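Chemist: Spelled out from the first residue to the last, the chains are:
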Amino acid sequence: DTGVSQDPRHKITKRGQNVTFRCDPISEHNRLYWYRQTLGQGPEFLTYFQNEAQLEKSRLLSDRFSAERPKGSFSTLEIQRTEQGDSAMYLCASSSTGAGDQPQHFGDGTRLSIL
Amino acid sequence: GENVEQHPSTLSVQEGDSAVIKCTYSDSASNYFPWYKQELGKRPQLIIDIRSNVGEKKDQRIAVTLNKTAKHFSLHITETQPEDSAVYFCAAGETSYDKVIFGPGTSLSVIP
Chain P
58 DTGVSQDPRH KITKRGQNVT FRCDPISEHN RLYWYRQTLG QGPEFLTYFQ NEAQLEKSRL
118 LSDRFSAERP KGSFSTLEIQ RTEQGDSAMY LCASSSTGAG DQPQHFGDGT RLSIL
Chain H
76 GENVEQHPST LSVQEGDSAV IKCTYSDSAS NYFPWYKQEL GKRPQLIIDI RSNVGEKKDQ
136 RIAVTLNKTA KHFSLHITET QPEDSAVYFC AAGETSYDKV IFGPGTSLSV IP
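Residue numbers (my numbering), protein chains in the order written: chain P, 58 to 172; chain H, 76 to 187.
One or more of the hints may lead you astray.
To be verified - Heads up, simulated SDA-like pairs for lysine to any residue below, C-alpha to C-alpha not over 20 Å straight-line:
hint, chain 1, residue 1, chain 2, residue 2
1, H, K117, P, E140
2, H, K117, P, I83
3, P, K71, P, E140
Hints listed in this document are in silico derivations from the structure and should not be mistaken for laboratory results. Because the structure is a prediction, the values reported are computed rather than measured.
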């Protein structure tokens, strides 16, 4: 079990640029989640997948945000035309369903800073 | 909508004392209540969770209680140690593999 890994760990970009983050879940986990965490707050749900299917997307999520999990393994989160308010830690988590259901395990996150 | 409240926001205790953090939730469909510990600059780590079919669960110095009727759940840490200092988040969801809604966190400081 290598845990959930996220790349990059840090991203600094100028306002208006597009950014993409990657998450590799624990290998046997079929569910993958994206959360956003700002300083002093709890993680805020963004979206989640079962295999390649996106099950739910937060209504708070702007159309500038899109997530994919094309082969049911790793996932990408893209933010287009970044804004100052997008600065946050983006956390990925994974879990599994069924008889051996597992709780969510988090990665170290990608810290996004918008200049 | 779905909401999880958490109190207190900060908590300082002397080493060896107990710490209690309380949460309330709004969604009646919630049946799963995890607690995460997050140290500065690190990932949230699951420390204990409870499902709605039980009222209490213990793991060494940590215990959680759940009152589903009142929509309250609490984390109890006994014999606190300096390494318990961190931010603790409660959360609520339908199952362990559905989305969870997090509380705003409690910053716990254990004073040696």
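Chemist: To test your reading of the hints: which numbers does this structure violate?
Modeler: Number 1 - this is the single hint that the structure violates.
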